[in-house]
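Engineer: If you want the building blocks of each chain, they are given just below.
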Amino acid sequence: MVSGRTVKLVAIGVIVAGTLVAESKKEYHFTVGPKAGVSVMNPYGSISVKPSLNNTVVVNAVLHSDKVEVDNNQNGNRVDIQSHLLAGADAESGRVDYEVWVPADASVTLHSSTGTLRAEKLHGDVSLEGAGAEVDVRDVSDAHVHVKTMNGAVNLDNIKNGHVEVDSLSGEVTMRSVNGPLVQVVSTSGRINYIGDFGNSGEYRLSTHSGDIEATIPEWTSADVSARTTRGEVHDDIPLQPKNHTWFAVDKGRAFAGTMGKVAVSSTVVLRSFSGKIHLRKRPENK
Amino acid sequence: MTCVELHQSLAEQEDVGSWEQRTHLRECPACSTLVRELNLIVAAAGQLQEADEPSPRVWNSIEAALRQEGLIRPQRPFVSSFGARWGAARWLVPAAAMLLLALGIYMRRESQADHAAQQALVTSMGNQVASQSDLNDDELMQEVAENEPAMKTQYAENLRQVNESIRDAQGLVNESPNDADARRSLMDAYHQKSMLFEMAMDRPLP
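Chains as they are written, first to last, in the working numbering: chain A, 4 to 290; chain B, 661 to 866.
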């Protein structure tokens, strides 16, 4: 007589086997020149991009069912990868997870509605977009970094000399050691965290309608800072040299403006929230 | 010729004159609809270029053309192709973009105008945009509910928040038309709304 436990094990085995059969892996290789363009459009699933050791683009794709295909195309110095949903595909069966290696100087465009988008150790332009996608970009230098999400969290870490633009409706945006000529975050209700030193001579504009903004900076930062909220409140842990003239009224508790550090190399920092709190924090020296 | 190859060929040439293209279009309703809509966009763009700001007549003419093409229907039955499913809503992104553009043009022009004129124009512009936006919101949410019900709540909440931000920013501009922050907030809010539509439109369909 077959025990209940055996039946369960067989059933689990069948399910696992079915999953393994449905899941398949594909690998693609492309040879490209300097400053190649690589685009991955993936309706459902994650995309992770890392630098390759040479002038090749390598794409590893894990397809979660036979209801999705991977279309690939190389046109000169441009490589386009696209998940092609077939009839009946949904968020689960249409899922593809990508690992992509590109030359570090390649420009990368990633798109996924639901998966995590990751890019690291690149110095070509990076553009990442997805409604519910979480975004994680780290160790990128001398590049444009453009991010668009609806509610996915955005984490930017160690972006040097970047032209950074983040648009997020409600996702939390966290930046650590991000600097460059332009760092701009626009959000409707998401919280914005900045931990860094605002570089030098850049423009930093962090704006959210109802979310909070928190900037944690070392005391030696050089910046021309203005913070303003309409219905929220502002807190400033760092003494600023007040400015003689500001073009808006500096209402106590609702706005502050001033300079810190060396004026000659100072960045312009604009913090705006309609109803959220704005807090300029001093970073402890031991960090 | 596959759908991908057709899309690539569209990017390289203006018309669809080759035998392969015509054959594919006869067999693929989705691509056929796409090409028809692209032609419509080209035709409508000619109209829009003639004016600095889109007037209600432009929107009306686009709407009339869409209705003639059968791309807007009062009640859409179950359909399968991308173009048909998104027939009306496909216009939300360019419409939102045009509203944003118009607002931008207005902001730039009016930065040196007198206070009273600014106040009147801001209010007028805001009302015009708001009324069109409200109509589009319903349609967008209907499409999201039909095609991606799991995301409906998230889209609805984000739409509510972005509309609230537009109202708040509009109120600030009305109060202080010379406040650059307020004007920028309004621009940002419309930009966020435009982005929300864009994301809804970008969602892939089988």
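Derived from the structure by calculation, the hints contain no laboratory data. Be careful, since some hints might not be right.
Pulled from the structure, derived: some chain B residues nowhere near chain A, Cβ distances all over 10 angstroms [what the hints assert, rightly or not]:
1. 677
2. 681
3. 683
4. 684
5. 694
6. 699
7. 805
8. 824
9. 845
10. 851
Chain A side only, calculated, beta carbon under 8 angstroms to chain B, not exhaustive [what the hints assert, rightly or not]:
11. 53
12. 56
13. 163
14. 275
Quantities reported herein were computed from a predicted structural model and do not represent experimental measurements. Virtual Cβ for every residue (Gly too), placed ideally from N, Cα, C.
Engineer: With reference to the structure, classify each hint as holding or not holding.
Structural biologist: Quick rundown of the hints versus the structure:
With a least beta-carbon separation of about 21 angstroms from chain A, residue 677/B lies farther than 10 angstroms from that chain, consistent with its non-interface assignment. Annotated as non-interface, residue 681/B keeps its C-beta farther than 10 angstroms from every C-beta of chain A; the closest such distance is 17 angstroms. For residue 683/B, the non-interface assignment is confirmed: its Cβ lies about 20 angstroms from the closest Cβ of chain A, beyond the 10 angstroms cut-off. With a least beta-carbon separation of about 15 angstroms from chain A, residue 684/B lies farther than 10 angstroms from that chain, consistent with its non-interface assignment.
The beta carbon of residue 694/B sits about 15 angstroms from the closest Cβ of chain A, which is more than 10 angstroms, so the claim that it is off the interface holds. Every Cβ of chain A is farther than 10 angstroms from the Cβ of residue 699/B; the closest lies at roughly 24 angstroms, confirming the non-interface assignment. The Cβ of residue 805/B lies farther than 10 angstroms from every Cβ of chain A, with a closest approach of about 15 angstroms, so its non-interface assignment holds. Not every Cβ of chain A is farther than 10 angstroms from the Cβ of residue 824/B; the closest lies at roughly 8 angstroms, contradicting the non-interface assignment.
With a closest Cβ-Cβ approach of about 7 angstroms to chain A, residue 845/B is found to fall inside the 10 angstroms limit, against its non-interface label. Taking the minimum C-beta to C-beta distance to chain A, about 7 angstroms, the non-interface status of residue 851/B is violated against the 10 angstroms cut. Look at residue 53/A: its Cβ only gets to about 25 angstroms from chain B, farther than 8 angstroms, so that hint breaks. Interface restraint check for residue 56/A: the shortest CB-CB distance to chain B comes to about 30 angstroms, outside 8 angstroms, so the restraint is violated.
Interface hint at residue 163/A: violated, since its Cβ lies 26 angstroms from the closest Cβ of chain B, which is beyond the 8 angstroms cut-off. With 8 angstroms as the threshold, the beta carbon of residue 275/A comes within range of chain B, its nearest partner Cβ sitting at about 6 angstroms, so the hint holds.
Comparing the model with each numbered hint stated earlier shows that hints 8, 9, 10, 11, 12, 13 do not hold.
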